[in-house]
Amino acid sequence: MPVTWLVFIVLALALAGFVAGRVRIDSAAGAGRPHSLPNYYGWNIAIKVMVPAFLVLICWLIVQPFVVNGAVTARLGDNAVPDGSTIGLVMSDVRRVAEGLDAAVSQGLMGADQASDLRTEFTNVRDRLAEAGVALGSNVTPQVLGAAQTWRALNANGMLLMSVAVTALALAGLVWGYVQTTPDFRARNTVENALRIMLLAAASLAILTTIGIVFSLIGNTIKFFSLYPASEFFGSFTWSPSFGGGSELGIWPLLWGTLYISVIALTVAVPIGLFAAVYLSEYAGPRMRAWAKPMLEVLAGIPTIVYGLFALLTVGPLLLSVFGRDGLGWMQAGTAVMTAGLVMGIMLIPFVSSLSDDIINAVPQSLRDGSYGLGATKSETIKQVILPAALPGIVGAILLAASRAIGETMIVVLGAGAAARLSLNPFDAMTTVTAKIVSQLTGDADFASPEALVAFALGMTLFVMTLGLNVFALYIVRKYREQYE
Amino acid sequence: MYDAPLRKTDVEAQTTKIAARDVQVYYGDTHAIKDVSVDLLDKTVTSFIGPSGCGKSTFLRCLNRMNDTIDICRVEGLISLDGQDIYEKRVDPVQLRAKVGMVFQKPNPFPKSIYDNVAYGPKIHGMARNKAELDEIVEKALRRGAIWDEVKDRLDAPGTGLSGGQQQRLCIARAVATEPEVLLMDEPCSALDPIATAQVEELIDELREQYSVVIVTHSMQQAARVSQKTAFFHLGNLVEYGETSQIFTNPTDPRTESYITGRIG
Ligand SMILES: Nc1ncnc2c1ncn2[C@@H]1O[C@H](COP(=O)(O)OP(=O)(O)OP(=O)(O)O)[C@@H](O)[C@H]1O
Ligand SMILES: [Mg+2]
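As they're listed, the protein sequences go chains A and B.
All the letters of the first sequence, read from the start, carry residue numbers 1 to 485 under full-length UniProt numbering.
All the letters of the second sequence, read from the start, carry residue numbers 1 to 265 under full-length UniProt numbering.
Okay, chain B solo, but in the shape it has when bound:
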């Protein structure tokens, strides 16, 4: 029924990159995430699936403290990156976000040129010593974002002038340019055609060699193709978390089964 995973799920005994314990998230009085505990592994692609509004984006944003920018949002519980509690007072969210990059659900290019969009992160973090190095970083990032061929002749054009799908890939390129250790991607392929989707999936697979990737998706096929681990969210609860192959072929929870066979959601 579903496409077979691209490769055997060869998840060996891997180290935990991000660990969450009993995480609760409230928006004012709304309880958006309830008791979520999960271990996200290093050098692994994890996909978050679940019906719309179940809290996938909310939980994703907890992992790099993006929820700090929402006044009414409150996060409880413990989330640690490499064993270090990221909500501890001493932790600088700015440093954290440099390590845990994010691609947002809606493409949000800066009103700057395509080049400056990608160069933004590397410049801030002083990753290039000179212009040539920066050029190299930008080109590499745009190539990984599968958009280089389309924009190489107009790097000075505003990023906001690109099509929706191109903007999405530009944002992916912008996020990988800073070389984060963990990349959080919120529906990165929602506006992409099958060719670009395949390219982005290739990128995700490539990133897995070095980093840990978390991807939110509404496409079961995509989750099955790119991820080794899958987490199913429902109404703010983490219902089931396990090997992708196991979730899709042999789910333990009846809600998971209903969702992946298309009965809820």
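Excised from the complex, chain A in its bound form:
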């Protein structure tokens, strides 16, 4: 609760500051026209109250657990760790007991003093905490209980300190802003600047998160390559993980499956999506358009697992009845590259059509007029003027669709089978990089074994591939963008 209260206090101070700033500047208006409109002075104070206070609040909430954890670990020492356990396991016991005590106190089963004075010699802590709904795996040792109590004390102190610091900062901001509020002060520019910095912060946060994701991948990828030679990973044509050791983890069969399925999917999605986009933007009347465009976009909203079921239950058996043993005899089972590729293509149609439709609509009407004015027909205009003008955008849309196809998982898991093999027959079962990432991580494998860590190397490969595709798409779009204003 205290954090919520703290937020309310800061907000209230900000509101007070806003009002105070307005009032002050209004009453000072006798000394000539102020530099900015009154609201800007109010906002100046409100920003100075809120931004530093909330920043400190957030940082504190992030940092405090680490500090407390470190302090308690140091105090526990090595002798508290029983044989066959690790300090990490003990610390998680400590946290659990501390949470249990918190729960007990908040449910009124224990007084706050009682919780901090609790001794294992006199109380069965495990039973008491069970009453509060917190089940512990084993009896609580004195060291763990002591550590948990230190934990709680440190946390409580931290929270108190934080409340004081945040409130003080908010007040300081209020005073600072209030003192600044004179008619000469350029409140408008200050607010403008503050807004710019806030927007910048939001943008950087998004970018930093991406970088963080990459680094978490890189770390584990490096760990994998220290256990398994990269030359094997990129050079071997066999994928046969065996958790007993001695597995061969060549990426090529998986990459081949990914590319094969993506190519089939794009072969389905690009022509259909593009034609649909051309029809919608150039031929369809407004009523048809208003009806058909949302219908197409509904396709994009279907969860991929549903597409996966569609592949497994409908498309697979359908293909099997034509190409299977009763038909042409090319297909062994319903799960195959073709099944997954077709269904993925259907999934990508709205993706291609919706983006392309927007791009085609952005081609200026004056170009169409110019072409019609020279006596060109509709399809000549589309083929020779509109599509060339929209081409960079359309290529971008296709490349984006391709990177979706490469990253798609559920349809492949359900539709393509699980066998990693290099085959040219589209009716064979194959598997992809994404599907294998799932299966390598969801098995019982030890997380430190190469068989599990290979998932990160696979993920990294995928990431690099899609990144490359996206960069290429952006490059194409940029290069040809200035072609029409």
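Be careful, since some hints might not be right.
To be verified - Straight-line C-alpha distance at most 16 Å; calculated EDC-like pairs for lysine to aspartate or glutamate:
1. K123(B) to E380(A)
2. K378(A) to D68(B)
3. K378(A) to D92(B)
4. K383(A) to D116(B)
5. K106(B) to D369(A)
6. K43(B) to E243(B)
Unchecked claim - Counterexamples of contact, computed for chain A against chain B with all Cβ distances above 10 Å:
7. L89
8. E131
9. A135
10. P142
11. Q180
12. F185
13. S216
14. W291
15. L320
16. Y372
17. R421
These are computed hints drawn from the structure, not numbers from a lab.
All of these numbers come straight from a predicted model, not from anything done at the bench.
Just so it is clear, CB atoms sit at the ideal spot from N, CA and C, and this is done for glycine as well.
Following the hints, put chain B with the ligands in place on chain A, whose structure we already have.
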């Protein structure tokens, strides 16, 4: 007060190329053109003048059915080209527009090379049997558009990379390349310097030998210089139509007089 016309207005008894009768144009509920009837003559330059927003462009676009591309636009009345009703069901607007070419108010070069911009129409209509013929057509059109000297060394450069005035002349060249029988020009000189303007006016005069030209302009001097007939539009009405010399020296309607002497518009 105005420049004397370049030549005597020697309009003999000429045949009517385009005839409009009681034309009404609506944009949704807006009545943009009201009861316009006019006969545009063959081998004649006709200029449309009038204050901004009076419907000059709208009426011009009716003459080659460019208004078909605007969903909310509705055209009523009769417009005929060589005696053939152009709004009749059997008439193919695509064929019509090949005969009645248009230069738009805003330059709209295609995002293609200068060469391909001009070659676009001739290619579509199969006017050249081989590359050499096409080259010839393109060069001739660019020369007529008074832009050949500026672009002859960079025919492969994108047309959109030209300056506004050059784009306007490129669009003129593009329109004449298809050899239309009637050329509709919506303010073709609005972005041109006096030299280029003079060249375009020369082109218009040259075109008059074979075709019928309709030009919208805000420059009274230009209308007086290049046209034999002038139509004055005001608030969607065709107020006065007659010999250019007569409109500029001796207008019958007081609104025309106010406009050309600069009191309305
Ligand atoms: N696409 C359109 N949709 C709706 N109204 C339009 C459209 N085009 C023109 N109008 C209206 O029709 C009237 C005539 O417009 P038009 O473009 O023909 O004027 P204009 O005489 O060419 O003017 P200017 O000299 O400024 O080019 C104007 O009132 C305008 O608002
Ligand atoms: Mg106009």
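Now for the hints, and whether the structure bears them out:
{"no.": "1", "hint": "K123(B) to E380(A)", "verdict": "11 Å, holds"}
{"no.": "2", "hint": "K378(A) to D68(B)", "verdict": "12 Å, holds"}
{"no.": "3", "hint": "K378(A) to D92(B)", "verdict": "12 Å, holds"}
{"no.": "4", "hint": "K383(A) to D116(B)", "verdict": "14 Å, holds"}
{"no.": "5", "hint": "K106(B) to D369(A)", "verdict": "11 Å, holds"}
{"no.": "6", "hint": "K43(B) to E243(B)", "verdict": "14 Å, holds"}
{"no.": "7", "hint": "L89", "verdict": "66 Å, holds"}
{"no.": "8", "hint": "E131", "verdict": "74 Å, holds"}
{"no.": "9", "hint": "A135", "verdict": "69 Å, holds"}
{"no.": "10", "hint": "P142", "verdict": "80 Å, holds"}
{"no.": "11", "hint": "Q180", "verdict": "48 Å, holds"}
{"no.": "12", "hint": "F185", "verdict": "45 Å, holds"}
{"no.": "13", "hint": "S216", "verdict": "44 Å, holds"}
{"no.": "14", "hint": "W291", "verdict": "16 Å, holds"}
{"no.": "15", "hint": "L320", "verdict": "48 Å, holds"}
{"no.": "16", "hint": "Y372", "verdict": "6 Å, violated"}
{"no.": "17", "hint": "R421", "verdict": "46 Å, holds"}
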